[in-house]
Amino acid sequence: MDKTVADLATAVADIESGIALMVGGFGGSGAPIELIHALIDRFKATGTPGNLTVINNNAGNGRVGIAAMIDAGMVARMICSFPRSADPRAFTEKYLAGEIELELVPQGTLAERIRAGGAGIPAFYTPTSYGTNLADGKPTAEFDGHVYVQERWLKADVALIKAELADPLGNLTYRKAARNFSPLMAAAATTTIVQASRIVELGGIDPEHVVTPGIFVDRIVEVADARQEEALMREGVAYA
Amino acid sequence: MSQKLSNAQIAWRAAQDITDGAYVNLGIGFPEMVAKFQPPGRQAIFHTENGVLNFGEAPADGEEDWDLINAGKKAITLKPGAAFFHHADSFAMVRGGHLDVAILGAYEVAENGDLANWSTGPKGVPAVGGAMDLVHGAKRVAVITDHMTKDGRPKLVKHCTLPLTGVGCVTRVYTSLAVIDIEDARFVLREKLPGLSLTDLQAVTGAELVVTGDIADLNCPEI
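Protein sequences, first through last, are from chains A and B. Residue 110 in numbering that gives the first Met the number 0 sits at position 111 of the first sequence; the count goes up by one each step and never skips. Residue 158 in numbering that gives the first Met the number 0 sits at position 159 of the second sequence; the count goes up by one each step and never skips.
Source of the hints: derived by calculation from the structure; they are not laboratory data. Certain hints may be false.
[Unchecked claim] No farther apart than 20 Å at their CA atoms in a straight line, the calculated lysine to aspartate or glutamate pairs in the EDC-like style are these:
(1) K157(B) <-> D145(B)
(2) K138(B) <-> D143(A)
(3) K175(A) <-> E62(B)
(4) K175(A) <-> D145(B)
[Stated by the list, open to error] Listed below are several chain B residues computed to face chain A (Cβ distance under 10 Å; list not exhaustive):
(5) F36
(6) H86
(7) S89
(8) G128
(9) I222
This one's a predicted model, so the numbers in the text were calculated from it and none came from an experiment. Ideal Cβ placement from N, Cα and C applies to all residues, glycine included.
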């Protein structure tokens, strides 16, 4: 089996409108910029995919990556913990104009909801947000003298992930702190699409070092010269 | 109030209570300053929500690696013995009681330990990040803050008026005037600036300061 696809356009060719799309990364660290931009290219050429629910810790920065998706008009709804950044203009303008929905989720709850989605756990209880307005309307229960908030799993149709190494079976490693949400999202999405800085032969990743096992990965595309969101911003790049 | 501690001095005071080898999360912004003031011979191990343990100072300009950032999205470096992990593990460290101390900023702290530090109200774009998670699980949840708001209102209050971050979560408050523990839903005064009377301190505090023992002088070096 070989999950490698030829290029970025092929990797994102069948992503449909109206789906839930998880995007790995925390700020620019681990953001799969080239996959996102390939999706924007397709939207500009075909009008698809639009009306997306995007799940990411943030809501874009500057005029590249998720911010460029928002600028292009592809995103109807964000599920995130922190829709602010050095340059949050794209999301802020649409949000204040009522053109984009926001589901604000505490960061650890977001991570655990995604983990639960990938692990087949439909709900769990957490101390986070108890007694705050982010727990409004959610069931609570007492365990061992403390009250906890019930949270639901979070799954997606597609995840876009950036990895460091991939092998043809989709076993992945990550680079430094770029790992963040990606291993969780890879498991929680029906179709997980990975851009890897290098695709190595089978056996090229020591099984002891695999972070995301290939069972969670559907497609891989090599992007050897992947750019950093932060660097693109400093260069003033606007993708949308 | 004629005299108060600077932010650096508040951070210095909070740093004196961090033991060698403690696992510590410092909130974004002002609390990050605490790392600078570790007493000689002590090395805390700092945790950042986005999946790093044992990170060090910022790199020199031009030396940034943008895959290596902290929760504030600032570039960091690693110390020997650092570790990477994914977000679910990172927040297991937080909620699971594995951190020794979390040090956070505050808009308001109530005498029962309620904390408001994430939202100033319904205007603009709401953003919570890891604030609501960090107040749960650490063995100590400490706040560093000016004793009053910029317009002179108490930040230590009977009941928070701003949206809560967590209920009954704060265990100690380091302010520009005093060190106060929260015990049995009361502000218990431990230290105050020498020369500041209890009456004057009480006058700028929005709930009763309880005295259960000696009150030490809050002495900080000039920084």
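> Holds or violated: are the alpha carbons of K175(A) and D145(B) at most 20 Å from each other?
Replying inline: Since the Cα atoms of K175(A) and D145(B) sit roughly 36 Å apart, the hinted pair is violated (cutoff 20 Å).
> Do the numbers back the hint for G128(B), that is, is its least Cβ distance to chain A under 10 Å?
Replying inline: holds, 4 Å
> Within 20 Å, alpha carbon to alpha carbon, are K138(B) and D143(A)?
Replying inline: holds, 18 Å
>> Quick check on the hint: H86(B) CB to chain A CB, less than 10 Å?
In response: holds, 4 Å
> Quick one, is the S89(B) hint okay against chain A at 10 Å, beta carbons?
Replying inline: This hint holds: S89(B) lies near chain A, its Cβ roughly 7 Å from the closest one there, short of 10 Å.
> Taking the closest Cβ pair, is F36(B) under 10 Å from chain A?
Replying inline: violated, 25 Å
> If you draw a straight line from the CA of K157(B) to the CA of D145(B), is it 20 Å or shorter?
Replying inline: Holds, because 17 Å separates the two Cα atoms, which is no more than 20 Å.
>> Min Cβ distance, I222(B) to chain A: is it shorter than 10 Å?
In response: violated, 28 Å
> Taking 20 Å as the top limit, are the C-alpha atoms of K175(A) and E62(B) close enough?
Replying inline: Within the cut-off at roughly 15 Å; holds.
In this structure, the earlier hints numbered 4, 5 and 9 are contradicted, and the remaining ones agree with it.
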